[in-house]
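Number of protein chains: 2
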Amino acid sequence: MKKIMNDPNQVVQDMLKGFVAAFPNDVKQLPNTTVIARKNAPVSNKVGLVSGGGSGHEPAHAGYVGKGMLDAAVAGEVFTSPTPDQVYEAIKAVDGGAGVFLVIKNYTGDVMNFEMAAELAAAEGIDVEQVIVNDDVAVEDSSFTTGRRGIAGTVFVHKIAGAKAEQGGSLQDVKAVAEKVVANVRSMGMALTPCTVPAAGKPSFEIDDNEMEIGMGIHGEPGIERKEIASANEIAEELTQKVLEDIDYSGSEVAVMVNGLGSTPEMELFIVNARVHEILAEKGIKVYKTFVGEYMTSLEMAGCSVTLLKLDDELKELLEAEAVTPAFSS
Amino acid sequence: MKKIMNDPNQVVQDMLKGFVAAFPNDVKQLPNTTVIARKNAPVSNKVGLVSGGGSGHEPAHAGYVGKGMLDAAVAGEVFTSPTPDQVYEAIKAVDGGAGVFLVIKNYTGDVMNFEMAAELAAAEGIDVEQVIVNDDVAVEDSSFTTGRRGIAGTVFVHKIAGAKAEQGGSLQDVKAVAEKVVANVRSMGMALTPCTVPAAGKPSFEIDDNEMEIGMGIHGEPGIERKEIASANEIAEELTQKVLEDIDYSGSEVAVMVNGLGSTPEMELFIVNARVHEILAEKGIKVYKTFVGEYMTSLEMAGCSVTLLKLDDELKELLEAEAVTPAFSS
Numbered sequence: 001m002k003k004i005m006n007d008p009n010q011v012v013q014d015m016l017k018g019f020v021a022a023f024p025n026d027v028k029q030l031p032n033t034t035v036i037a038r039k040n041a042p043v044s045n046k047v048g049l050v051s052g053g054g055s056g057h058e059p060a061h062a063g064y065v066g067k068g069m070l071d072a073a074v075a076g077e078v079f080t081s082p083t084p085d086q087v088y089e090a091i092k093a094v095d096g097g098a099g100v101f102l103v104i105k106n107y108t109g110d111v112m113n114f115e116m117a118a119e120l121a122a123a124e125g126i127d128v129e130q131v132i133v134n135d136d137v138a139v140e141d142s143s144f145t146t147g148r149r150g151i152a153g154t155v156f157v158h159k160i161a162g163a164k165a166e167q168g169g170s171l172q173d174v175k176a177v178a179e180k181v182v183a184n185v186r187s188m189g190m191a192l193t194p195c196t197v198p199a200a201g202k203p204s205f206e207i208d209d210n211e212m213e214i215g216m217g218i219h220g221e222p223g224i225e226r227k228e229i230a231s232a233n234e235i236a237e238e239l240t241q242k243v244l245e246d247i248d249y250s251g252s253e254v255a256v257m258v259n260g261l262g263s264t265p266e267m268e269l270f271i272v273n274a275r276v277h278e279i280l281a282e283k284g285i286k287v288y289k290t291f292v293g294e295y296m297t298s299l300e301m302a303g304c305s306v307t308l309l310k311l312d313d314e315l316k317e318l319l320e321a322e323a324v325t326p327a328f329s330s
Numbered sequence: 001m002k003k004i005m006n007d008p009n010q011v012v013q014d015m016l017k018g019f020v021a022a023f024p025n026d027v028k029q030l031p032n033t034t035v036i037a038r039k040n041a042p043v044s045n046k047v048g049l050v051s052g053g054g055s056g057h058e059p060a061h062a063g064y065v066g067k068g069m070l071d072a073a074v075a076g077e078v079f080t081s082p083t084p085d086q087v088y089e090a091i092k093a094v095d096g097g098a099g100v101f102l103v104i105k106n107y108t109g110d111v112m113n114f115e116m117a118a119e120l121a122a123a124e125g126i127d128v129e130q131v132i133v134n135d136d137v138a139v140e141d142s143s144f145t146t147g148r149r150g151i152a153g154t155v156f157v158h159k160i161a162g163a164k165a166e167q168g169g170s171l172q173d174v175k176a177v178a179e180k181v182v183a184n185v186r187s188m189g190m191a192l193t194p195c196t197v198p199a200a201g202k203p204s205f206e207i208d209d210n211e212m213e214i215g216m217g218i219h220g221e222p223g224i225e226r227k228e229i230a231s232a233n234e235i236a237e238e239l240t241q242k243v244l245e246d247i248d249y250s251g252s253e254v255a256v257m258v259n260g261l262g263s264t265p266e267m268e269l270f271i272v273n274a275r276v277h278e279i280l281a282e283k284g285i286k287v288y289k290t291f292v293g294e295y296m297t298s299l300e301m302a303g304c305s306v307t308l309l310k311l312d313d314e315l316k317e318l319l320e321a322e323a324v325t326p327a328f329s330s
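Keeping their order, the protein sequence lines are chains Z and V. Going by full-length UniProt numbering, the residue at position 61 of the first sequence is 61; the numbering climbs one at a time, nothing skipped. Going by full-length UniProt numbering, the residue at position 326 of the second sequence is 326; the numbering climbs one at a time, nothing skipped.
Among these hints, one or two may not hold up.
[Claimed, not checked] Listed below are several chain V residues computed to face chain Z (Cβ distance under 8 Å; list not exhaustive):
id: 1; residue: ASN9
id: 2; residue: VAL11
id: 3; residue: GLY56
id: 4; residue: CYS304
[Said to hold, decoys possible] Cβ-Cβ distance ranges computed for the label pairs, FRET-style:
id: 5; chain 1: Z; residue 1: GLY168; chain 2: V; residue 2: ASN25; range: 27 to 33 Å
id: 6; chain 1: Z; residue 1: GLN10; chain 2: V; residue 2: ASP246; range: 52 to 58 Å
id: 7; chain 1: Z; residue 1: GLN10; chain 2: V; residue 2: ASP248; range: 46 to 52 Å
[Stated by the list, open to error] Capping the alpha-carbon separation at 30 Å, the derived lysine-lysine pairs in DSS-like fashion look like this:
id: 8; chain 1: Z; residue 1: LYS310; chain 2: Z; residue 2: LYS283
id: 9; chain 1: Z; residue 1: LYS67; chain 2: Z; residue 2: LYS316
id: 10; chain 1: Z; residue 1: LYS3; chain 2: V; residue 2: LYS286
id: 11; chain 1: Z; residue 1: LYS316; chain 2: V; residue 2: LYS39
Derived from the structure by calculation, the hints contain no laboratory data. Just so we're clear, the structure is a prediction, and the values are computed from it rather than from any experiment. From the three backbone atoms N, C-alpha and C, an ideal C-beta is built for every residue, glycine too.
The whole structure should be built from the sequences, with the hints applied where relevant.
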């Protein structure tokens, strides 16, 4: 294991300290928690947005805390759901009187712990609503999930629901648009290498030097198929095709995200993006906006995912709305 | 070699195609070149900024093409200087009548080829000035360099000289402020792993599983010392100390950049950043702004660099000025 760290059991706390040191005017860490919130939270009469999950997916989720996106992000241990009390602290800290909205990636632990926190908050009189993101078309049910997993498409939920809340949308408005994103966003990923959880000290699985895994999850959960490494074009085709088969994108406009899982050079992501755009053009699907980079990672895993979000006028406008966060600007 | 690519000899062309596909309203590729320019280049009566170098350092340099930063970026083959004719095409394409300014990282090939291009352009009556960036304090002279190497600090030159040009500064104004940045910016890096140039197919060097190299360059050029992997705190201390010894930062305000070399998780960069901030606080050096992420990479090398830019009021204002590029927003 080659990592730049101090105590492997303290990586999350050390990271949060370095995060707040980097953006002291924009964010704060709630005392004695692993919650990063906007410096000015709670914002009066604005729906507060909370997301989070296991650490190791940076810049998700703290990187998306800021104007037009999240009000708070809760960091669990690496690849481990945050506990309900941490989520509860986040909810209380961002409640500005208009309610709090939770964006939950579909992993059993996350769903259970965020819902338990929501119940605690409701008992305190805070209105809480939620959406569960399950954009990964690769597999139904897996190591950590009942149903499909939530992966990179989650960032579009943060962006669009965040914009709706920033514009003064009600809790029900925010929920409605978040559900619209979830209904229209699909992703699929692949990996060339595993990654190593610091406290574990060894890779989560093994894969041969000439192999890749299609449909692998962002914690190294098994995908659909392990096979010889294909060309970038073939990889782009396989991922994009699986996404396109899942809902009807014909004649629509889409946002594209080609997301790196951690150690894939940007060069390779752009090579994949070139073919994704060709495929969409061949199918008459118009690309409205493209995102290429690391948005939802898996520590130092090599690999990528392709996400397509089907847009309408409302989603386009909210996608373009101002966002000012450490990891996302528009 | 585990890479997502098609023909290893076409990675740069394939990448540029994917880059333009991603940002078609913002940039263009000059026909039959490896030059990415602003869509609206040349901008009338604005000094045109050109940078570039070998590929493999993404998001440098094309990621910094846009309002408030570069007008064009020239991409060489991986870790190979672009040829003079390519640089010359870039210069011609961004000359809006106020002259063209070249930001050159100090590598022998880059300096030679950019200067040759400048001579060709001068012969055509285009005013060309330049700055050579040599922020790496690790070593004097190395595999590809006479004098110190240019590394992540180059991004601050792009940002600040770009802002000056955007505000209507003359060619001499832009040169003066670029030289001020170069005089006040210092960096130092370290690596845990090598990287593999696609066309070479094998790592550029070998390093043991328990070793790191201090002072390694962004092409894997040798550094100062190879030794057992230290803690993040010790790494932060060694890099920061070497930078602080080089010029007098006492009592000053600085911009900090903790830059990832390609496969280092953001988590680890923030852990380093935490200690960098502590060291600066101990020394009474005030941090004005912090950048943590991948700004100047070395394909999939694991490692990081620390950059400090000593600021004055002019540099602060130019650092804050609006920039809208694929990889940098302010």
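Status of each hint after checking the structure:
With 8 Å as the threshold, the beta carbon of ASN9 (chain V) stays out of range of chain Z, its nearest partner Cβ sitting at about 13 Å, so the hint is violated. A distance limit of 8 Å between C-beta atoms decides the matter here; for VAL11 (chain V) the minimum to chain Z is near 6 Å, and the interface restraint holds. For GLY56 (chain V), the interface hint holds, since its Cβ comes within 8 Å of a Cβ in chain Z; the closest pair sits about 7 Å apart. For CYS304 (chain V), the interface hint holds, the least distance from its beta-carbon to any beta-carbon of chain Z being 7 Å, beneath 8 Å.
Between GLY168 (chain Z) and ASN25 (chain V) the beta carbon distance is about 29 Å. The supplied range of 27 to 33 Å therefore holds. About 31 Å separates the C-beta atoms of GLN10 (chain Z) and ASP246 (chain V), a value inconsistent with the hinted range of 52 to 58 Å. Distance hint check: the CB atoms of GLN10 (chain Z) and ASP248 (chain V) are about 34 Å apart, inconsistent with the given range 46 to 52 Å. Taking the CA atoms of LYS310 (chain Z) and LYS283 (chain Z), the gap is about 14 Å. The hint holds against a cut of 30 Å.
Note on LYS67 (chain Z) and LYS316 (chain Z): the hinted pairing holds, with a Cα-Cα distance of about 18 Å set against a maximum of 30 Å. For a cut-off of 30 Å, the pair hint linking LYS3 (chain Z) to LYS286 (chain V) stands: about 29 Å separates their Cα positions. Taken as a hint, the LYS316 (chain Z) and LYS39 (chain V) pair is honoured in the structure, with Cα atoms around 22 Å apart against an allowance of 30 Å.
In summary, the structure is inconsistent with hints 1, 6 and 7 from the numbered list given earlier, while agreeing with the others.
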